[in-house]
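Q: Spelled out, the chains give:
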Amino acid sequence: MMKLDEILVTRNWVGKPVRRKEDARLVKGEAAYVDDLNMDCYQAAILRSPYAHARISRIDVTKAEALKGVVAVLTGQEVARETKPISARAITRPATQYVMAAEKVRYVGEPVAAVVAEDRYIAEDALDLIEVEYEPLRPVVTIEDALKPDAPLIFEEAGSNVLMHDKMQHGDIEQAYREADLTLKEKFKVHRYSSTPLEPWAIIANYERASDSFVVWSNDQQHGRSLTNVCNTLGIPINKLRLIVPDSGGGFGIKLALWPYIVILSLLAKKVSKPVKWIQTRREHLLGGSHAPDANVEIELALKKDGRILGLRMTDIQNDGSFVHTAGIYGLIKFATMVGCYTIKAMGTELLSVVTNKAPTVQNRGVGKPTMIFVLERMVDIAARKLGLDPVEIRLRNFVQPRQMPYTTPSGEIYESGDYPQCLKKALDLVGYEELKGHREEGRKKGKYIGIGISAGVEPGTSNLGYYYTARGIPEYTGNAEGAIVGIDYDGNVNVLLGSVDSGQGHATTTAQVVADMLAIHPDQVSMNAHVDSLISPFLGHSGVYSNKFNDVDLGAVIMATKKIRDKMLRIASHALGIPVGELALREGKICSTKEGEKAISFREIASLAYKKILFLPEGEEPGLKAIAYYSNPIAKLPNRKDFNIQLTHSNSVHIVVVEVDVQSGAVDFLKYGIVHDCGRQINPGIVEGMAIGSTVHGIGASLLEEFVYNEDGQLLSTTFMDYMKPLAMGVPKFELAHMESPCPYTLLGSKSVGEGGSLPSLAAIANAVEDALSPFGVKVTSLPITPEKVVRAVKETKEI
Amino acid sequence: MFPNRFEYLSPSSLEEALSLLKTHPDEAKLLAGGQSLISLMKLRLANPKYLIDLGRIADLNHLRDDGDKFSIGALTTYAQIKESELLRNKCRLLPQTASVVGDAQVRNRGTLGGSLAHADPHGDMPAAILALEAELKAVGPNGARWIKAENFFITMFTTALGPDEILTEIRVPAQDGEKSAYLKAARRPSDFAMVGVALSLKIGPDQTCEKIAIGVTGVTDRPYRGAGVVKALTGKKLTSKIIEEAAAQVTEGIDVMEDVNASKPFRSHLARLYTARAIESALQA
Amino acid sequence: MHRIKLTINGKGFEHEIDSRLLLVHYLREKARLTGTHVGCDTGNCGACTIIFNGKAVKSCMILAVQANGAEITTIEGMARNGFHPIQESFMDKFAVQCGYCTPGMIMSAHALLSVNPDPTETEIREAIEGNLCMCTGYQQIVEAISLAAKKIGKSGNK
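Residue numbers (the working numbering), protein chains in the order written: chain A, 1 to 801; chain B, 1 to 285; chain C, 1 to 158.
Careful: at least some of the hints might be erroneous.
Said to hold, decoys possible - Cross-link-like lysine to any residue pairs, in silico, SDA-like; alpha carbons within 25 Å at most:
1. A:K448 with B:D221
2. B:K241 with A:R793
3. A:K28 with C:E143
4. B:K264 with A:Q664
5. B:K49 with A:L67
6. B:K69 with B:D221
7. A:K734 with C:M91
8. A:K274 with C:D18
9. A:K734 with C:A31
10. A:K187 with A:S775
11. B:K49 with C:N68
12. A:K780 with B:L40
13. B:K264 with A:D128
14. A:K796 with B:K49
15. B:K264 with A:L67
16. B:K29 with A:K28
17. A:K790 with B:K264
18. C:K55 with B:L40
19. C:K5 with B:G55
20. C:K55 with B:S84
21. A:K189 with B:S84
22. A:K672 with A:D524
23. A:K446 with B:A285
24. A:K16 with C:E143
25. A:K448 with B:L283
26. A:K780 with B:P265
27. A:K274 with C:K30
28. B:K264 with A:K28
29. A:K445 with B:L40
30. A:K448 with B:Q284
31. A:K734 with B:R171
32. A:K790 with B:D221
33. A:K734 with C:D18
34. A:K672 with C:T120
35. A:K28 with C:D18
36. C:K55 with B:R92
37. C:K151 with A:K448
Hints are computed from structural coordinates only; laboratory data are not their basis.
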């Protein structure tokens with residue numbers, strides 16, 4: 001692997017908070033989100049099931065078709081005829097489902113028909129004219145409902161509502177239990193929530209009759225995969241779909257599940273002669289735009305009296321709603337870092353993926369790890385309380401030590417670097433822990449219930465794809481990689497085309513910083529369009545913006561392509577100047593002699609030789625100054641039930657939260673929120689800090705405010721942003737942050753994952769703080785969200801949230 | 001997100017508005033600030049055939065000091081009430097309440113009259129006007145009448161206004177040394193009230209309560225006056241014990257609502273808690 | 001159908017529109033000003049915030065027909081050339097990530113600073129309580145608005 005000094009020839013930009021290139025047009029309102037693209041389109045609207053579980057006995061679209069302004073209508077029957085069923089990935093039982101319901105609906109909001117009209121208002125009017133007769137079936141809403149022996153089956157052919165059931169053991173769990181002094185068992189319940197990007201799903205589909213092909217614009221997060229999924233489902237060759245991803249107003253994993261709607265929009269586009277646009281409304285987004293699954297988790301720790309955790313056993317029953325494509329995929333990606341920051345040597349895990357009549361699930365920010373860290377860090381606090389240990393002390397006794405890095409966990413995950421004890425100590429200093437403890441005691445005497453909550457979490461990134469296949473064999477995707485094309489323009493500036501997009505992470509800026517330091521130029525001379533076009537972008541199946549892979553494989557591809565270009569420029573310069581490559585250096589847009597500084601050739605002149613005066617090129621050197629490189633993370637292992645690294649970089653952080661709980665009203669107020677965060681080498685600290693805070697606020701929402709509430713008929717009650725409550729400016733604390741940098745030995749710049757960050761440990765930190773605040777009342781927190789009613793009831797009678 | 005079709009009518013006088021209302025008795029809705037109605041229309045939960053926009057009727061937006069009373073036009077916005085120095089000096093409860101309705105954008109458009117006529121059981125302003133013992137002017141084809149606040153709210157989204165009547169004015173008495181407070185239990189500061197208690201009280205020497213009026217919102221299908229609490233406090237010296245005992249009366253005889261944010265028992269608890277806290281808050285003002 | 005005439009960012013617009021057309025859709029589709037965004041259905045997210053007759057409002061909660069005769073400022077009107085101090089400050093402070101809430105935030109900030117040139121942190125948070133952001137957690141936005149207040153105060157600009 002290249003050393004940092006080989007990669008970067010200057011250190012002017014990497015590590016600095018360079019102002020983002022993206023911002024100029026964003027602050028002016030000149031972004032190009034899908035709905036902003038200037039195209040004359042028809043508009044689509046989707047008719048959605050009002051029932052959670054029902055058979056469709058009749059559908060009549062004649063009145064809708066006759067409405068003035070309507071140009072096309074599509075029903076589920078047609079979709080079932082024209083397309084293949086949705087591909088499943090992790091489940092081990094058969095379950096047939098189409099992108100639009102044909103015979104049966106399985107969740108409120110499932111698409112049943114679609115209309116195309118002159119404008120969206122008319123399209124919505126037309127929906128009211130579609131007549132559908134349903135035969136309602138008994139809905140299955142909770143995990144308990146789904147597991148009852150007489151439960152109606154969501155997918156009859158599956159024979160069960162448990163579509164995946166997997167048990168795994170890593171390390172010697174029996175030995176751990178034999179050596180343990182005690183065991184501690186708890187049950188936890190985590191709810192459904194979602195990161196709800198502010199820009200919902202958006203698709204424009206155009207059918208080009210002459211070539212029998214489609215052009216689609218969409219804010220899809222993983223176009224590499226969507227291309228395959230859409231083409232397979234439509235039964236068309238890959239070269240018949242051109243997928244373009246423009247600006248995206250936030251993804252957070254939620255835009256990984258929109259490809260079935262690209263299928264629907266493509267079918268609609270085929271019926272008309274203009275592009276068709278569909279912009280998801282917020283109601284559609286909350287109803288069927290994908291959630292993080294709710295889960296019942298039972299966990300047991302095997303411990304020594306001194307607080308060391310020897311092993312853990314866990315059963316996780318996950319409510320995956322009714323979407324076969326994502327049911328069960330959370331599995332290993334949750335368990336891979338189940339041991340957290342600790343040297344827990346053995347774990348036994350059992351995962352059940354249960355389908356119900358709730359909305360589809362998707363890899364929402366954190367992909368189950370927020371739940372797992374919540375469960376583990378809660379257990380650590382519960383163990384501390386039981387053993388009479390300070391929550392700091394018990395963590396210090398269990399942490400993986402820096403000298404053990406790189407550390408391989410029982411399941412094969414490789415923690416490449418990190419200093420967890422130092423991170424915790426720094427966090428304690430940051431918040432003034434000792435003083436806070438005094439403050440808390442003083443408060444208790446006065447009837448003020450202050451609590452301090454600590455959470456230490458590993459924040460992984462770069463998914464080794466195929467993690468969900470361990471129950472089924474060799475998956476369709478393995479490893480993780482990205483592609484990049486780097487070129488020098490005629491005028492000597494650099495242009496970069498990356499295989500992936502971004503959704504707010506400042507990829508163009510970060511890329512420019514790296515390339516600028518590789519070529520000794522200014523980031524203003526590096527342009528990158530963070531859009532993607534499947535016709536020209538160098539993408540792979542893994543391409544997309546998800547699991548924080550950018551700092552690893554995306555930058556890796558950029559670096560390798562830039563290096564190719566740099567090497568070529570050096571060869572051309574050497575030939576032009578008559579100086580050996582070893583005596584040349586890059587400086588301010590030129591390549592110069594290290595001995596005689598005046599002997600130099602500019603990038604512009606080199607480009608001129610490469611693109612135009614090609615007869616002056618060295619012997620055997622191809623014309624042109626553009627290089628493509630694909631870069632793969634080097635430590636990815638093949639899927640293997642015993643030894644498998646699911647994610648390939650591991651940042652980490654410690655969150656320390658101080659709350660005051662009003663035990664009479666149940667309100668939880670933040671007094672302090674400290675974060676110490678280590679993502680390896682930071683390339684742009686301004687961008688990193690923004691994401692560290694923003695991701696933590698997702699955790700605040702998930703812990704205290706957000707919940708998808710279903711009634712017993714499977715009706716979703718949280719269908720607006722009035723009911724589904726997101727954190728707003730007045731309710732969010734001011735955060736104090738500090739950073740550490742433990743470089744990663746396996747990425748080219750030593751940078752690690754940034755993005756999911758704070759959304760992972762925050763749920764645990766907040767829950768730990770609330771439980772600490774309520775400890776005079778003996779209250780235990782075993783579920784989320786923590787609502788005022790739950791707090792008051794716990795204090796007064798139940799003693800459990 | 002996309003309303004059904006309707007005909008939009010924009011009268012420039014009250015007479016014209018009344019005439020339009022008379023012409024379309026069952027299928028028309030009056031538009032004030034739109035912060036509730038337009039939302040319902042976007043969700044297609046309200047589908048009027050005729051929408052009569054009162055926004056162009058200049059007379060309906062005013063704030064007048066009539067000596068012993070204030071006259072507030074129905075189309076006066078929350079922002080105007082919040083920023084009114086006149087009200088902040090002479091009738092604080094109104095700006096106190098208007099300040100915590102929604103957010104800045106909502107306050108710039110939402111109106112006092114619109115809020116009261118809409119009668120959302122979780123609305124904030126109804127509590128305040130009950131506590132101020134306000135009077136509301138309803139104008140219909142047969143002339144004008146004054147409705148006491150305590151008789152205005154019938155049930156959720158239903159008021160004493162006739163289908164052909166328009167709420168034009170709210171009259172509140174000028175305050176003379178009263179202390180007031182509006183406190184609400186809400187999940188976020190800009191949310192509707194799970195429970196909201198507004199009160200205006202006059203303290204005599206020795207901390208005795210000479211007069212108190214209370215408006216409670218969010219608890220049942222309509223805002224109400226907390227008569228039991230008023231009885232338990234009037235003429236009494238306001239100690240913590242008296243306040244707590246009085247606050248316990250606030251849900252007596254009330255059918256407490258239940259929803260996702262609060263069950264019956266919790267809501268009752270919040271009602272008692274916030275009644276006591278509102279009294280304490282007013283005393284400290 | 002109704003004929004409306006209004007001024008947006010100092011320029012006159014005139015259109016025939018349906019009574020049910022929302023102002024935000026009018027701005028985006030008829031006036032072709034796509035900087036104002038739609039993020040929800042119920043007026044909760046503030047992505048559609050504009051200045052309407054001098055006040056910050058949510059344009060998804062107003063009918064286009066109500067805007068007849070109105071004077072509107074959208075994000076596109078914040079600076080003809082270069083950047084408004086609020087825009088500069090957002091860029092200085094990394095207050096922008098995906099950019100979807102940004103125009104609405106800037107308009108709310110503009111409304112605040114027009115009447116309160118030296119707001120406290122609490123006042124800033126109150127002014128943007130009606131603007132949802134999913135990316136930043138608000139902290140850098142608050143810092144940006146605070147910085148903008150200083151910038152505007154120094155230059156005497158509005």
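Q: Look at each hint and say if it fits the structure.
A: Going through the hints against the structure:
1. A:K448 with B:D221: 34 Å, violated
2. B:K241 with A:R793: 23 Å, holds
3. A:K28 with C:E143: Answer holds: K28 (chain A) to E143 (chain C) is near 19 Å, not above 25 Å.
4. B:K264 with A:Q664: 16 Å, holds
5. B:K49 with A:L67: Roughly 19 Å separates the two Cα atoms, so the pair holds.
6. B:K69 with B:D221: Not OK: K69 (chain B) and D221 (chain B) at ~29 Å, beyond 25 Å, violated.
7. A:K734 with C:M91: Holds: K734 (chain A) and M91 (chain C) sit about 20 Å apart, inside 25 Å.
8. A:K274 with C:D18: Holds, at about 23 Å.
9. A:K734 with C:A31: Given pair K734 (chain A), A31 (chain C) is violated - Cα atoms ~39 Å apart, limit 25 Å.
10. A:K187 with A:S775: 19 Å, holds
11. B:K49 with C:N68: 21 Å, holds
12. A:K780 with B:L40: 41 Å, violated
13. B:K264 with A:D128: 36 Å, violated
14. A:K796 with B:K49: 51 Å, violated
15. B:K264 with A:L67: 47 Å, violated
16. B:K29 with A:K28: 38 Å, violated
17. A:K790 with B:K264: 13 Å, holds
18. C:K55 with B:L40: 23 Å, holds
19. C:K5 with B:G55: The hint holds at about 17 Å.
20. C:K55 with B:S84: This hinted pair holds, its Cα atoms lying about 16 Å apart.
21. A:K189 with B:S84: 49 Å, violated
22. A:K672 with A:D524: Violated, at about 39 Å.
23. A:K446 with B:A285: Within the cut-off at roughly 23 Å; holds.
24. A:K16 with C:E143: 19 Å, holds
25. A:K448 with B:L283: 22 Å, holds
26. A:K780 with B:P265: 21 Å, holds
27. A:K274 with C:K30: 19 Å, holds
28. B:K264 with A:K28: 49 Å, violated
29. A:K445 with B:L40: 49 Å, violated
30. A:K448 with B:Q284: 20 Å, holds
31. A:K734 with B:R171: Violated, at roughly 43 Å.
32. A:K790 with B:D221: Roughly 24 Å separates the two Cα atoms, so the pair holds.
33. A:K734 with C:D18: 45 Å, violated
34. A:K672 with C:T120: 19 Å, holds
35. A:K28 with C:D18: Answer violated: K28 (chain A) to D18 (chain C) is near 29 Å, above 25 Å.
36. C:K55 with B:R92: 23 Å, holds
37. C:K151 with A:K448: It is violated: about 41 Å lies between the C-alpha atoms, which goes past 25 Å.
The structure is inconsistent with the numbered hints 1, 6, 9, 12, 13, 14, 15, 16, 21, 22, 28, 29, 31, 33, 35 and 37, although it conforms to all the rest.
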